[in-house]
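Q: Residues per chain are reported as follows:
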Amino acid sequence: MNIDKKLYTLKYSPDTESHLKPDMEQCKLCISRCCTYICPAEVYEWNEETQELIVNYENCLECGACRIACERKCLEWQYPKGTKGVTFKQG
Amino acid sequence: MLKRENKTDVIVVGAGPGGISCAITLARAGKEVVLIERGLFAGSKNVFGGAIYTQPTKEIFPNFEQEAPLERKNIEHNYMILGKSDSTTISYRKNDNASYSVIRGKFDRWAAEEARKAGVILVEETVVRELIKENNKVIGVKTELEEYYSDIVVLADGVNSLLAKQIGLRKEIETRDVALSVKEVLKFDKETINQRFNLKDNEGAIGEIFGGPMLGSLGLGFMYTNTDSVTIGLGITLNDLVEKNYRPFEILEQLKQHPKIAPLIEGGVLKEYSAHLIPEGGYKKVPTLCDNGVMVVGDAAMLVNNLHWEGTNLAMISGKIAAEVAIEALHSGDYSKKMLSNYEKRLKNSFVLKDMKTYRNLMDIAHQRQMAFLSYYLQKINAFFEMFTSVNGVPKRENYWKFIKSIFTDRKISELFKDIWALLRLIWSILV
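Same order as they appear, the protein sequences are chains A and B. Under my numbering, the first residue of the first sequence is numbered 1, with each subsequent residue one higher. Under my numbering, the first residue of the second sequence is numbered 92, with each subsequent residue one higher.
It cannot be assumed that every hint is accurate.
Stated by the list, open to error - FRET-style restraints, in silico, Cβ to Cβ:
| # | chain 1 | residue 1 | chain 2 | residue 2 | range |
| --- | --- | --- | --- | --- | --- |
| 1 | B | G210 | A | T83 | 41 to 47 angstroms |
| 2 | A | D4 | B | K503 | 42 to 48 angstroms |
| 3 | A | K73 | B | N226 | 30 to 36 angstroms |
| 4 | B | E225 | A | L29 | 26 to 32 angstroms |
| 5 | B | S182 | A | E17 | 48 to 54 angstroms |
| 6 | A | N47 | B | L515 | 48 to 54 angstroms |
Claimed, not checked - Here are the simulated EDC-like cross-link-like pairs (lysine to aspartate or glutamate), alpha carbons at most 16 angstroms apart as the crow flies:
| # | chain 1 | residue 1 | chain 2 | residue 2 |
| --- | --- | --- | --- | --- |
| 7 | A | K81 | B | E216 |
| 8 | A | K81 | B | E221 |
| 9 | A | K81 | B | E215 |
| 10 | B | K471 | B | D501 |
| 11 | A | K5 | B | E341 |
| 12 | B | K256 | A | E76 |
| 13 | A | K89 | B | D319 |
| 14 | A | K5 | B | E344 |
Since the hints were made in silico from the structure, they are not lab data. Yeah, the Cβ is synthetic: ideal placement off N, Cα and C, and Gly gets one too.
Isolated chain B (complex conformation):
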């Protein structure tokens, strides 16, 4: 017979946005929750781009705009399409409080502290090594030192989720289903950032970067302004890194030297280098989301909408919904898979799984057509502007016809039809 001295209502594994949102929602409803974090403090093992989104964050922390450690309020998105040495940027600016840049070491720590104030028992510096099962139900967790028991365990243990794997909720992750991201945080004084990015006070800008050293790879770069630092990073699917013999930080060095990027980060002093995996498998690779006594949220559940750069919001909302289902389960005393499958049902009815489903075909098509959409067309956009801006004595009509002809002669004509077909298929699957 197992000892049950350490029994609580719910154990949440992992104090990231998903785990914290789940734990605080439970504590606010008067439930006893243990939140277990393997790092020195919440946020110390966490890495993202990144920005958090205002609306979903408010659902968990209504006053976060006044209380949380935020860096800058993002007012501009810059979609930077890089050729080998040239670039085209589409910039969208609106002051609408949609997102804030944050440093996870500060933000997650603050959020976990809020959870603690709400009554969550926060256990840091503790690794959950495995889940304890009895009669086909998860009944607790085993850490290095002791065992904790609960009616429900929520797995918010991140992209690698060794625990979801242990109990068979998902198969082994494949190299094409994750991107390896490396990033650097570079220190500047505030005025330099405001000048270079055309900002004032605590306004921030985001860079969404395509191409450059990532031409032909399934990868994207990102840039965020913090109060007195700039984040520059990129993520490339792991199978591309393996096949192309790439060292991720070397690609980042090349990106930093691109003529579009270099002037923006010139003179920055490296504050910190970091790396993390990003779940990129999409809807088709979402694991089984619950079983008897257990639910999976956030990155552990592959909940990332990569086209829209969303992840923390999906983690927060999935954590909140898991908590709401757990509260009902605790009231009814039913922790069966059938009861907890309400979590999956509600996720399906929310934007979380609806959005994941909308883009269900995106990654397949991106993998199939990556040379076209992540190399050829990016360079073609730049070639168009090169043609359009050139003043060289050649009549414009000749330039136009030469450019149009090149679309049909650069590659096999069948490639063009494959691209059109892929694009139509993708748009159809998104809209219908």
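Chain A on its own, in the form it takes in the complex:
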């Protein structure tokens, strides 16, 4: 089962602005780009063409793993606003 099907089971109230703000200049220098594989919701994708990190913040499960794992410590990570983000019903 792919990740999109898993994420369909969740209730989200996405904000219009991302709560995850990586410093793109630092991302260009990053070697592991571990956020692109450790994230349990595949929020991060590396775009080779534009040399940019795509942040699908709407899918975020708010676990905080990317913040801790970020190799260059260049991720400004906040909780989404009080009315926004994911809602778990079966946690």
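On the provided structure of chain A, position chain B as indicated by the hints.
A: Showing chain B alone in chain A's frame:
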């Protein structure tokens, strides 16, 4: 001069088991408490295995067995040791009411409602962005919309505790000090669950899973039965995920396909997928627990006993003890670090920090010897039973000697001595 219109006795940040236990204990003592939760409702951002434990939960909610939304009463633990395709299971069954499986979206919500009935002012859908300090004392919190003031702030804001970090009670968390957990809740009808897990009525079973796709990683899997669903999940230390290029949900998919697990969850319909961090740093990574006007409880304080799968109980009891110290501080009008350090003293004299201390060396040794204890020996246990159960015309004595010899020849002999030394060191530190 700051406005102090919104001043209460205590503000508790985070309505999980720690925060709710703290708030309700304060309210029952007649104190004015504001409990601030960032989710739509208490429990909506919370994830665990999981089970809650009867004895500690009763300390906060004496009648919870009659009143709380519980799923099943756990009567069996299954320690599943998975090889690549084989498995050995040790099963312990006793009907002793020790724990119940719960769904946090229901249980935490119920518990927060109980707190509200006891007089707690529950503020949901509100994120505390930072703590307000004045003269080196925490005097309140700043949310997105307004500021709230109090004599004491209790941080129950979970594993990431950005607030404890903000005021310097702990350093940045390292990847080796947390596990990333992913889990799925799969829907079944009640009868199917009872048949597959050998249960009747509302009895439940727990699976504690070692090895399989996690062989060689510092990670464990878990399985819980709910009323009409089964939870399957795993947690792997974040540094392992980073170093091994693992996608956590792919490892979970592999676990679900293991021959031991697959028949148990076959045909289940995914109700919900979720993820959460688990504090795994142990005693050595417990942050500073208090400062002037502030205390830290539960996951925010790294209070998880991972070997025994305990966390919610440590959160509840640490929250309760923090409340008791807060009540005394409010009576004396003294909110200094010296006064609030009674919280740390009492935690140290309780099972909470005693247990954390007992396992102080566990994670260091687990990190050092993970290939041995979380790969080699797990496979060796299965290899033993493979040998013991085989009927192939080879005389048994030959089989035994071949197996014994392999223990000395599979790896460098020095590895064996390192394992024995690590194990002795660990046992010594646990017992003495």
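Q: All hints are to be evaluated individually against the structure, with a verdict given for each.
A: Taking the hints in turn, this is what the structure says about them:
One distance hint, 41 to 47 angstroms for the beta-carbon pair G210/B and T83/A, is violated here, with the actual separation near 26 angstroms. The supplied range of 42 to 48 angstroms is met by D4/A and K503/B, whose beta-carbon atoms lie about 45 angstroms from each other. Against the hinted window of 30 to 36 angstroms, the Cβ-Cβ separation of K73/A and N226/B comes to about 31 angstroms, which satisfies the hint. A beta carbon spacing of about 40 angstroms between E225/B and L29/A contradicts the range 26 to 32 angstroms that was offered as a hint.
Judged by the Cβ atoms, the range 48 to 54 angstroms given for S182/B and E17/A holds: they are separated by roughly 51 angstroms. Checked against the given bound of 48 to 54 angstroms, the beta carbons of N47/A and L515/B, roughly 52 angstroms apart, stay inside it. Using a Cα cut-off of 16 angstroms, the hinted pair K81/A and E216/B holds, with the two alpha carbons roughly 8 angstroms apart. A C-alpha spacing of about 13 angstroms is found between K81/A and E221/B, which places the hinted pair at or below 16 angstroms, so the restraint holds.
The suggested pairing of K81/A with E215/B holds, with an alpha-carbon distance near 11 angstroms, which does not exceed 16 angstroms. Distance restraint check for K471/B and D501/B: the Cα-Cα separation of roughly 10 angstroms lies within the 16 angstroms cut-off, and the hinted pair is therefore satisfied. Note on K5/A and E341/B: the hinted pairing holds, with a Cα-Cα distance of about 13 angstroms set against a maximum of 16 angstroms. With a C-alpha separation of about 14 angstroms, the suggested pairing of K256/B with E76/A holds against the 16 angstroms cut-off.
Between the alpha carbons of K89/A and D319/B the distance comes to roughly 14 angstroms, so the proposed pair stays at or under 16 angstroms and holds. Distance restraint check for K5/A and E344/B: the Cα-Cα separation of roughly 13 angstroms lies within the 16 angstroms cut-off, and the hinted pair is therefore satisfied.
In summary, the numbered hints that this structure violates are 1, 4.
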